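2 protein chains.
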Amino acid sequence: MSTDAPYHDFVPPHRVLMGPGPSMVHPRVLQALSQPLLGHLDPVFLGLMNEIQASLRATFQTQNEFTIALSGTGSAGMEAVIANLIEPGDRAIVGVNGVFGTRVATMIERSGGIPLPIESPWGTPIPVEALHDELVRSAPVKAVVLVHAETSTGARQPLQDVGALCRSHDALFIVDAVTSLGGMPVDVDGWGIDACYSGTQKCLSCPPGLAPLTVSPRGMSAIRKRRVPCHSWYLDLSLIAEYWNDHSRAYHHTAPISMLYGLREALRLVHEEGLAARAARHQWNSEALLAGLQTLGLAPLPQAGHRLPMLNCVTLPPQIDENTVRQQLLQDYGIEIGGGLGPLRGRVWRIGLMGESSQQAHVFTLLNALEEIFTSHDWLSQPGLAVQAAVATYTHSEGSARRSP
Amino acid sequence: MSTDAPYHDFVPPHRVLMGPGPSMVHPRVLQALSQPLLGHLDPVFLGLMNEIQASLRATFQTQNEFTIALSGTGSAGMEAVIANLIEPGDRAIVGVNGVFGTRVATMIERSGGIPLPIESPWGTPIPVEALHDELVRSAPVKAVVLVHAETSTGARQPLQDVGALCRSHDALFIVDAVTSLGGMPVDVDGWGIDACYSGTQKCLSCPPGLAPLTVSPRGMSAIRKRRVPCHSWYLDLSLIAEYWNDHSRAYHHTAPISMLYGLREALRLVHEEGLAARAARHQWNSEALLAGLQTLGLAPLPQAGHRLPMLNCVTLPPQIDENTVRQQLLQDYGIEIGGGLGPLRGRVWRIGLMGESSQQAHVFTLLNALEEIFTSHDWLSQPGLAVQAAVATYTHSEGSARRSP
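For the record, the sequence lines run as chains A and B.
The first sequence maps to residues 21 to 425 in my numbering.
The second sequence maps to residues 21 to 425 in my numbering.
Isolated chain A, as found in the complex (with noise of 0.2 Å):
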């Protein structure tokens, strides 16, 4: 065999990761993933993805039958979800302020669909009013889709409305929640969500490779009602629910049981947490890490009000070598986080503070690490006001939760 391949062990250099994924992973959900193996129609393993279901129908706020783990990424989750509620001619309205609801209208296009684009600038929502206004003007329009929180920008895009609003317009509505499931509030059943989809590196902390996906019973209704069936056999929702299903357990493809194993941990300690706990913690270290940096003269993209707590979009000051931090950051701390894509290229940093990665010592050590670096640059003459920040943030934030009911 080739020479080229690897003799030594590997072992991966300590990484506290702050950028947009993926989170850090809990020690038990690492411990799951070693687990020995079971076969994929092993009713023992039949019965993990039983439970897997459970977790992920009250980590999604619902009752839908299908709420399953796909075998892909988050962009596997994107792709069923569009490719299966999407048929050749139908119009899509998509909002796009940013780089997950351009891959949306592409994926639509590439399903055969006509993507109707609302635009924003990037870091701004998109108004409910202009969703309103095209359903009107595109009658009939097959789906509205929307992300949650826009990994590129930093932006929350309010949903409570348009369930309602996608309904008097018998439309479906389609959201993206990749970022924000487990670390704020994704409310399938009372928002009138048809279809969401997420993946398991960011607020689940739990490794890349899975796709969590609930679908409505008008949704998997649609589905059943096709013209033609889904261009993606190994994404076709109807074929994979035969798997899933507890009467049926139809043999579909063999399912990737070590990431199960992995899920089901993590959506235990979700769990364990709760989904109201967890949000408030992803809550309180976002506005400690955007205090301290605002220090720094780092301002977040988003308006107050629309800003995800997991992930933190700064603009840059001028002076900063963004790209030379970043890798001080990496290869002296240890820390990643995220640079800009797209236009915001060279512009932003992405901090990431999902799942296990959002804690305060996390903060605390990223602050002190910029301090450091900025200082070495002669970009900051008084060091220590960043993690003073964060700390009176802290002290305030938690005064609050105790006079709190």
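Please note: incorrect hints may appear among the correct ones.
Said to hold, decoys possible - What the simulated footprint calls covered on chain A by chain B, stretch by stretch (three residues with Cβ under 8 Å from a Cβ of chain B suffice, anywhere in the stretch; the number is not a length): (1) 41-54; (2) 84-97.
Unchecked claim - Away from chain B, derived, C-beta distances all over 12 Å, residues of chain A: (3) Gly-109; (4) Arg-123; (5) Glu-129; (6) Ala-184; (7) Leu-255; (8) Ala-261; (9) Gln-351.
No wet-lab data here; the hints were simulated from the structure.
Computed from a predicted structure; not experimentally measured.
Even glycine gets a Cβ: it sits at the ideal position worked out from N, Cα and C.
Starting from the known structure of chain A, arrange chain B on it as the hints suggest.
Relative to chain A, chain B alone:
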């Protein structure tokens, strides 16, 4: 959250995996899965991707630059190859003699292509002459697709002469090596294969979830010259190539980090053993198993010379209640074997000896368990002969091995 969520630790029962996959996973691979995560653009992780590419090239016996692990199971590998190489209106010859050839034909249709099936009885290879005749009759043909190791029948498809035949008719040669790779020779360059995909959970003995995949320069040229984009964005190989290529590393989707850790270690084990020794091990264990099974009245479905060493498909004597026996094997002995699919349901067993599962100890354990179960049902009067037959085969094989240079 829901009270349905699981509270207990998940501890899988001990299983000897002798079905059609997943196979047993070496403890070193399980340990690799539990290493802490790196980011998917971390330089150390990109180095690991390069190592995987080099190891996969050695395993596929190819120099193809585009040799990667796709982020999905073996069926995703099948769909990626078909969806990228078959354009709407393309004719593709496909050998159909089992479940997986049938699946290929379905995927060709879903990609807008026209499948030209060449059928053989299940368990019998596709004759090369029939491929030649169809290439002449249906010219121009875009591709010929053959399943090297039909997991539903245990039949081995000869491939040596097909590459030259395809080239002489300007057709691409596509091979499904899901079950064969790592257990018998897959000589991509030597056999003139243009696209070959596999799965990790068979003879590579890694958990399911990745599809090793290689495409020749001729195949990549066909992909880059497509008239319309591939219907799948997630499986678009021209985009995926830009992430795996060491010069661009353009973000496409978040790679399944932990699974790639596991695959690296699994390929390292393949490398340490060597492909030839590994193939010989699979062959010996298969011969010993079949010798034992024949004393129980279980005969191989495929003819001699066309049998897969890693997937032993045997027909059942009429008195055997096959489902009861499989349940007893699983519940009382912790041994998983596979039943028949489609028209072979209830008529055959599929006994896998793949990768780490291909062990003398497993052969003896299964034969002994079958003798005990058959005796308890009064289907066997003289137990012990099956294990004896396997022992005799090993003694003979080891003698032969000692005599070899």
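Cross-check of the supplied hints:
1. 41-54: holds (count 9)
2. 84-97: holds (count 6)
3. Gly-109: holds (15 Å)
4. Arg-123: With a cut-off of 12 Å, A/Arg-123 comes too close to chain B, as the shortest Cβ separation is near 7 Å.
5. Glu-129: violated (8 Å)
6. Ala-184: holds (25 Å)
7. Leu-255: violated (8 Å)
8. Ala-261: holds (16 Å)
9. Gln-351: Label violated. Min Cβ-Cβ 9 Å, cutoff 12 Å.
Against the hints set out earlier in the document, violations occur for numbers 4, 5, 7, 9.
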